[in-house]
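K.L.:
Given chain A, work out where chain B should sit, using these hints.
Letter by letter, the chains look like this.
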Amino acid sequence: MSRFPIGPHSIGRICLFAALLIASGCAKSAAPVGGTGDAASKVYVAPGQYDEFYMFASGGYSGQVSVYGLPSGRLLRVIPVFSQDPEKAYGYSEQSKPMFNTSYGFVPWDDAHHPSLSKTDGMNDGRWLFINGNNTPRVARIDLAEMNTKEIIEIPNAAGNHASPFVTQGTEYVVTATRFSVPTPQKDVPISTYKENFSGQIGFVAVDPTTGKMSLAFQIHMPGYDYDLARPGKGPSHGWAFFTTYNSEQANTLLERNASQNDKDFIAAVNWKQAEQCVAQGKAKTWPTRYAHNWVDEADVAHSEMLTGEKVLEPADCPGIVYFLPTPKSPHGVDVDPTGEYIVGGGKLATVIPVHSFSKMQKAIAEKAFEKEIGGIPVLKYEAVNYCEVANPGLGPLHDEFDDKGNVYTSVFISSEIVKWNLKDCKVVDRIPVYYSIGHLLVPGGDTRKPDGKYVIALNKITKDRYLPTGPELAQSAQLIDITGDKMKLLLDFPTIGEPHYAQAILASAIKDKQIRTFALAGNKDPFVTRTEKDARVERKGNVVHIYMTAIRSHFVPDNIEGIQVGDSVYWHVTNLEQDWDVPHGFAVTGANTSELLVMPGQTRTIAWVPDRAGVYPFYCTDFCSALHQEMQGYIRISPKGAGVQISYNTPK
Amino acid sequence: MSRSSRLWLAVAALSLALVYWLPLWHVGLKAPQYPEGLGLYIGINRIVGEQPQDLESINGLNHYIGMKRITPADIPELRFMPWLVAGLIGLGLVAALSGRRPLLYAWVVLFAAGAGAGLADFYRWGYDYGHNLDPQAIIKIPGMSYQPPLLGSKQLLNFHATSWPAAGGWILIAALGIGVVLSARELRKTRSILATAPSLLAA
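Chains A and B, in that order, are what the protein sequence lines are.
Its first residue numbered 460, the first sequence is counted upward by one per residue in the working numbering.
Its first residue numbered 18, the second sequence is counted upward by one per residue in the working numbering.
Errors might be hidden in some of the hints.
[What the hints assert, rightly or not] Quick list of the computed label-pair ranges, beta carbon to beta carbon:
(1) A:V1104 / B:N149: 33 to 43 Å
(2) B:Q68 / A:A604: 38 to 48 Å
(3) B:Q68 / A:K971: 16 to 26 Å
(4) B:Y81 / A:A758: 27 to 37 Å
Keep in mind the hints are simulated off the structure, nothing from the lab.
Quantities reported herein were computed from a predicted structural model and do not represent experimental measurements.
Think of the CB as a built atom: it goes at the ideal place given N, C-alpha and C, for glycine as much as any other residue.
One chain only, chain A, in its complex shape:
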C-alpha cells in the first residue's frame, strides 16, 4: 500500500542517511561562523530600550519555563513550574509546597516540554501559558500578568504526557495524550503482552474561560501506540485535534528498530466537538482513578485536592470521533497551517514531508474512503487525504511552523537545518544550516491564524563548539533567524537554560503593560498577614510558635525574639510592607531545612523551622534591598525544652 517506490534513488538516500548518522558523531563542523554584516544592528537592543517579543521557552528537564527577550536573546526570568526553586522559595514556602502534590506524593521535579499560549479566536491573547509535565503526567497554567504558576492538574491513565498541552482555538481545551501505552488501568502483566494488554488515551482538559481553572473533561481510549505530538485545528478545522502516533508496530522493546518497521504510522484526527456531545449523552464510562489538582487561591496560597474518576469514551461507542490518517514514517510533529486547511506531518524517518488536506479528509469521511478499521477507528486512504509530499526536505524532518506569507519552516534534525517551503507548490525554496541538530522551531505567532512572522528561532539539541566551553555540560543553543526576506539570514546565537523543547513568542506590547508591579497590601488575604508594624507579634500554641513579622527598608519587626524552645515548630510569617516597585525582601535563619524566603512587596510568605539546639541565632534579609541592607537582621533566642523562658519580642514604640 506504500507510495514510496523503493528504487535506486531511495537506496542512495538511505545509504547517505546511514553515513551521516555515523559521521555526525565524529565530524567537526566546518560550517562558517554564520550571521551577516548587518545582523548586529538587527539584534541590538540599546540600553533602556525594550525587546520586541517575549519568548517563553520550556526548560525541558529543568522543569521550568524561561523567558527571553527577542531579538536580543536576553534571559529575563526563569518561571518555576514543576521543579523546586530555592531562589524563590517555590516548593519550600508553606504557601507553595502544595503545588508539588501528586497521586505519588510530593514530586519535586518534572520534565516540561511544550509551552502553549492561551488563544482567543485563534490568536494569542496574553492571558495564560500552559505547559506539560512529562514524567508525572501533568499540565500547568501560568498567569502571564504575574509570570507565576497558578495551577497544576495531574493527568490520570497516562504514562508520559508528551502530546500536550496544545490549546484549541478559543482555549476551550488543552490536549493531553499518553506518550507510552501501558495497561490502562494499570495491572500486573508480563511486558511481552503489550499487544493484548497495553493501550493509550488522548485527553481533553477543559479551561474555564474566566478563571482559567482546569478540569478533566474526558479521555478517548486509543489503541496501544505511542502518542507523540498534537495540534488542534483552527478555522474550518476548529473542533478537531490532530495527534501523531508512532509504534503502530506495537513493539515493547528496542523501539529504535522495532517501531521503525512500518512504512506508515498515523495521524489521529479527533473530532472533539462530537466527543463532547457523546459525553453529554452519557456514552462515556467513568473509570476509577485518582489524581491531584493543585491551585493558588486569591490569597496567593496554594491548595491541593485529590480527585477521582475520569470519563473515558470508547471510539466504538461514539463513531466519528477518531479517524486515522496514514502518515510516513514514525511521524513526530503535526502542525496545522494558519488557514486551518493543511495538516503537516513531521515524518521523522520519512524522505518527504507529508501534507494532508482537511477538506479532503472531510470528503474522504463522507465517502467512507476507508482502508481498514483498527479497534473501531476507520483508517482513511492515504491518497484520499494527502495534499502533497514535499520532496528533498533533508534528513529527519520534525516540526513545522508557519509565517504570515504562506511559507512553512521545517526543522530537520539529522541534516541539522531548517528547510523553507511554500504550501502553494510544496517545493523547497530555501534552506539554512543550524548549529546543531535542531528539535523544535518557532515563528512568533506561528501556530495562530495570523503569524507575526519576522523570525524563526531554532531550538538546537547539540551545542559543541558554539560558545565558550563550560566543562562537559553545555547550555543548549537557540538561534535567531531573519525570515523577512526571500532568503533566511542567521542573526544571533544565544544559550538557553535546561532544554527548550519548544517555545512560543508573543509581542511584548500585548502583555508588558499588564505586568503586576506590587501586591496591594490592603488586598492581602493571607491568613497570616501582618499589615502594620504594630500588629507584629509572636504567639505560642503548645509546641507551635507563629512569628508574625514585617519587613520594610531596612528592618524586621520584631527583630529580637526570645522564649522559643528546642523542638518547637516555628512558623515565620514574613509580610513585606513595601508598596514600591521592585523592592522584595529576603529572609533566612540559621539551620532551617528549607530555602530562604523571597517576599514581594505586599506579600506574605512562610517557612517552617524546627530549632534543634539552644543558643541565639541570627536571621537576615537575603535580597539586597537598601543602603542599610546589611543592618537588616535580627536574633532569635532558643532555650532548652522546658526552660521556662517566656515568649518576648520587641515592637516599635
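P.N.:
Chain B in isolation, oriented as in the chain A frame:
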C-alpha cells in the same frame, strides 16, 4: 462695577470651587533608580502621593536622613484651608452680585494676603521638616539640610527635587490675576470720573 467686571468676578470666584478637587501644589523627587519619579500632591484638605504609594515611599526614604514623617492628619492647615477658600468664594460672589467696588478691592486684598500667607506658611513648614532632623538619623551629613524648594528645583543628595503649583494652584493664581485686572480697570474708571468731576461741578 461694570457688567463685564461683575461677570468676570463671579467666574473667578466660582472657579475657586475647583480647588476642592484639583491639587494646589506638586512636589517632585527624581533619581535614577526611580525612573518614573516620586511625587506629592498637596490639596486643600489632603496630601497624597502622585502614585498611591508615593507618600509612604517618601516617608520611608526620609527616615534615613532623620526627617519627620509627613502625616496629613497632623497638619492643621489642611483643616482650615477649605474654610478660607469657602470664604473667598462667598465674598467674591457677594461682590459680583452687589457690584460694589470696595467689595472687589477687599476681595483682592484678602485673597493676595491669604496667598502670601500661604506661601510663607509653606516655606515655614518646609524649613521645619528640612532642618529639624532626628539627632539619631541613620545618614548624617554635617551641615546638610533637606528643605524642599519653595518654587523651582534643587538637588537634595541623590534626588532632584522640584516644587511647582499644580492645576488648582494655577487656578488660584488665575483667579487672583483676574481680580487684580478687574480692580485696575475699576480704579482707572474711578480716576477718570474724578478727573472729569470738577468740570461737572463747574457746569
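K.L.:
If a hint holds in the structure, say so; if it does not, say that too.
P.N.:
Hints, one by one, checked against the model:
| no. | hint | verdict |
| --- | --- | --- |
| 1 | A:V1104 / B:N149: 33 to 43 Å | holds, 41 Å |
| 2 | B:Q68 / A:A604: 38 to 48 Å | violated, 18 Å |
| 3 | B:Q68 / A:K971: 16 to 26 Å | holds, 18 Å |
| 4 | B:Y81 / A:A758: 27 to 37 Å | holds, 33 Å |
Going through the hint list in order, the structure does not satisfy hint 2, though it satisfies all others.
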